[in-house]
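Student: Taken in order, these protein sequences are the chains called C and G. Residue numbers for the first sequence follow my numbering, beginning at 749 and rising by one. Residue numbers for the second sequence follow my numbering, beginning at 46 and rising by one.
One or more of the hints may lead you astray.
[Stated by the list, open to error] Now the stretches of chain G that chain C is said to cover, found in silico as 3 or more residues with beta-carbon under 8 Å: (1) 67-81; (2) 89-97; (3) 113-119; (4) 207-216.
None of these hints come from the bench; they were simulated from the model. Even glycine gets a Cβ: it sits at the ideal position worked out from N, Cα and C.
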Amino acid sequence: MSEEDSMDREHSAPIAAEYVLGVLSAPERRDFEARLVREPALVEQVESWESRLGGLASEVRSVSPPDRIWTRIETALTANDAVRSIGFWQNLAFWRWAAIGSAAIAAACLAALLHVNMNRAPGQNEPLVARLDVSGGQVGFIAAIDRRGGGVTIVPASTTDVKQRVLELWLIAPGDQPRSLGLIQAERPIHIDLPAGLIERVGPHATLAVSLEPPGGSPSGLPTGPVIASGKLTSL
Amino acid sequence: MLHLLNDPYRRTTSMEQEAEYRQLSAALARTAGGDRNALKVVYRDTAAKLFGVCLRILRDRGEAEDVLQDVYLTVWRRAATFDPGRASPVSWLVAIARNRSIDRLRSGAYGRQMYSIEDALDIPDNAPGALEQVVTVEERRRLTSCLDELEPQDASAIRAAFLDGATYEMLAERMSVPLGTMKSRIRRSLIKLRACLER
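This is chain C alone, in the form it adopts within the complex:
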């Protein structure tokens, strides 16, 4: 169980409660969100408090937004697609150093990038990449798929305290159930071979997600623990 249960459950409201209630200052919120990336138990506390207090929002009166908001959202989605397909690698390098400042992991990431770039072929076989965001919007993992059968390489971009659990990687095709790609490591990049033709079958619009599972992985074949990071595949 979480720290909340064993440590200070009866005596103090955890900082997760203060975060969800919204009473923390901007620096305190930033500090707490940084901890969220490293401590999955805290994510569970936040979710519990969101469930406990969320009903308060029923007291807020709905107000119809102007139609232009949806138009702006659609425009932004289209623009994002274009930016991602052009400048993804440059942004990727920036995220790595900015997000973690660890030379060792940054080098591992570069290796992953080189691996993909060397295998790069024109046309339909362009590699797919995904930036898997964790709660709060920070980068959790970077993944690249070699569509010519080279499998998936996934690099952790931040440290995750998995305690007694393991990380499992899932591929989710539009409208389909999550499909396990295997277990991954919290501290180092890992390469997983994919069944031949899998990526072509699920198409380029699938999502990669990472869940916390009991040792050995999900017993059911579907994610059983919290999904701690996810991101859509994007063509390079």
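Given the structure of chain C, go ahead and fit chain G onto it with the hints provided.
Tutor: Below, chain G alone, put in the same frame as chain C:
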């Protein structure tokens, strides 16, 4: 991923509400798969509620519009992290809207604003629309009765923080108590609320 039937709270949900939550959860799942029409469904069914949440915190239409746009772009990126077995889809969306609004409110440009505790107590009595209710009727009833067990001032401080985005400093100023007193009262209230909700 779909734990709907195992969730004890779901048993108390009215059938209509459960159907709405299921439809919204399904739309979020399709959004996670890259379906823009599914995001549009999510927007159609929830934008008015979330715009209300943003407006209540930011008190400025232009700011609330900017944040609302950002909220749905966040939903687009993070839809795969929504787990219907762990949260109501509406409260998951409300959490994103509140977090974005509070971040904007706390940013330098906004500065330090004053809030009226009285405003926070002014609960509009409007007829619930399709997705007006963030949680089930039963959950809402329990939360209200647990808030009623707190000192009235503490309950209104909890509401002012959650609904209006007030910080400890703002609450202490409004209620004319030292900051440390305000913090311990809020923390004590949160523990009481948790104990009451788990009874």
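Student: Look at each hint and say if it fits the structure.
Tutor: Each hint, compared with the structure:
{"no.": "1", "hint": "67-81", "in the structure": "holds (count 6)"}
{"no.": "2", "hint": "89-97", "in the structure": "holds (count 5)"}
{"no.": "3", "hint": "113-119", "in the structure": "holds (count 5)"}
{"no.": "4", "hint": "207-216", "in the structure": "holds (count 8)"}
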